[in-house]
Amino acid sequence: MSWGFLRDLLSGVNKYSTGIGRIWVAVVFMFRLLVYIVAAENIWKYEHDEFECNTKQPGCENVCFDHFFPVSHIRLWALQLIMVSTPSLLVVFHVAYRENREKHRNQKLYKSPGQIDGGLLCTYLVSIILKTGFEVVFLVLFYKLYNGFKVPRLVTCDIRPCPNTVDCYISKPTEKMIFLYLLVATSCLCILLNLSELSYLIFKYSIKCYLKKYIKEHQGLKSNCHKSKIICDDRRAAAGHFHHSSLSLSLNIQDECGKSSLLP
21 MSWGFLRDLL SGVNKYSTGI GRIWVAVVFM FRLLVYIVAA ENIWKYEHDE FECNTKQPGC
81 ENVCFDHFFP VSHIRLWALQ LIMVSTPSLL VVFHVAYREN REKHRNQKLY KSPGQIDGGL
141 LCTYLVSIIL KTGFEVVFLV LFYKLYNGFK VPRLVTCDIR PCPNTVDCYI SKPTEKMIFL
201 YLLVATSCLC ILLNLSELSY LIFKYSIKCY LKKYIKEHQG LKSNCHKSKI ICDDRRAAAG
261 HFHHSSLSLS LNIQDECGKS SLLP
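Following the working numbering, the numbering of the sequence shown begins with 21 at its first residue and continues without gaps.
Calculated directly from the structure, the hints in this document are not laboratory data.
Please note that the accuracy of each hint is not assured.
[Said to hold, decoys possible] Label pairs and their calculated CB-CB ranges:
| hint | residue 1 | residue 2 | range |
| --- | --- | --- | --- |
| 1 | K192 | S216 | 31 to 37 Å |
| 2 | Y66 | C208 | 54 to 60 Å |
| 3 | R173 | L231 | 56 to 62 Å |
| 4 | Q77 | A116 | 53 to 59 Å |
| 5 | I227 | I149 | 19 to 25 Å |
| 6 | R173 | A59 | 17 to 23 Å |
[Unchecked claim] Pairs of lysine-lysine residues, derived as DSS-like cross-links and limited to a Cα-Cα distance of at most 30 Å, are as follows:
| hint | residue 1 | residue 2 |
| --- | --- | --- |
| 7 | K128 | K224 |
| 8 | K35 | K228 |
| 9 | K35 | K123 |
| 10 | K196 | K65 |
| 11 | K196 | K76 |
| 12 | K128 | K196 |
| 13 | K164 | K192 |
| 14 | K192 | K65 |
| 15 | K128 | K192 |
| 16 | K170 | K76 |
We treat Cβ as the ideally placed atom computed from N, Cα and C, and that holds for glycine.
All chains, full assembly: derive it from the sequences and hints.
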């Protein structure tokens, strides 16, 4: 299987991710994709051929293997890796939509098409939630299918056409157990990183919205105070003008009365 497309996808997503998102990409690439390609795929490559039961009854080994391994570990991990990486395509498509929109309108509509804000923020949050959901679903599915995170050395099988209860042996159980723990731990680490990034983005933009609202209210209050000051100054000016007019009128009356008293 060629993993070039997934590698290119993770590289493209890395450009539009936060700091925590870049750590997630590094973990997926280094501890999941490379481990899967270099080591894990070879360990489980011949798991069916190396599964042996202490009977030569035709069909017994196939039935027992299908019972204990309904889905191959390695194929389930491959499906998990694809599913948890796919939601990142939503972010890439959204950024491509922004760039295409600016190109068609021939004008700058965004400060940066890859900046996480507005609709792209919602898309990014949805992608994180989907990635976390897929991680949890696959861990639960793995636990249910294999009765825990373990690789037993010996399993007993009594399913037909086996003539009686037979013992079946799994090849390289210790080596498989080590890689099983490594991949499960990496999956849990990815869940922790996704939850941390989700909390960080929600907290960051909640603070940003609160500050915008506070600044807007503060500017509105300042504007109202300025208007009130102007009204008060107008009223004071009007009162001063009225007082000056009254004083002038009083002086005029006194002058008239003084002139009248001087007349014979």
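For each hint, the structure was consulted:
Distance hint check: the CB atoms of K192 and S216 are about 35 Å apart, consistent with the given range 31 to 37 Å. For Y66 and C208, the hinted distance range of 54 to 60 Å is not satisfied, since their beta carbons lie about 29 Å from each other. Between R173 and L231 the CB atoms are about 60 Å apart, so this pair conforms to the stated range of 56 to 62 Å. Separated by about 58 Å at the C-beta atoms, Q77 and A116 satisfy the suggested range of 53 to 59 Å.
Evaluation of the 19 to 25 Å hint for I227 and I149 yields a pass: the beta carbon distance comes to about 21 Å. At about 20 Å, the beta-carbon gap between R173 and A59 stays in the expected band of 17 to 23 Å. Distance restraint check for K128 and K224: the Cα-Cα separation of roughly 26 Å lies within the 30 Å cut-off, and the hinted pair is therefore satisfied. Straight-line distance between C-alpha atoms of K35 and K228 comes to about 23 Å, which keeps the hinted pair within the 30 Å bound.
Distance hint between K35 and K123 is fulfilled; the C-alpha atoms sit about 20 Å from each other, no more than 30 Å. For the hint linking K196 to K65, the alpha-carbon distance of about 12 Å falls within 30 Å, and the restraint holds. At most 30 Å may separate the alpha-carbon atoms for a hinted pair to count; K196 and K76 meet this at roughly 26 Å. Proposed proximity of K128 and K196 is contradicted: the alpha carbons are some 54 Å apart, above 30 Å.
Distance restraint check for K164 and K192: the Cα-Cα separation of roughly 22 Å lies within the 30 Å cut-off, and the hinted pair is therefore satisfied. Simply put, K192 and K65 have alpha-carbon atoms about 12 Å apart, close enough for the 30 Å limit, and the pair holds. Of the pairs offered as hints, the one joining K128 and K192 is violated, with about 59 Å between alpha carbons and a cut-off of 30 Å exceeded. Simply put, K170 and K76 have alpha-carbon atoms about 27 Å apart, close enough for the 30 Å limit, and the pair holds.
In summary, the numbered hints that this structure violates are 2, 12 and 15.
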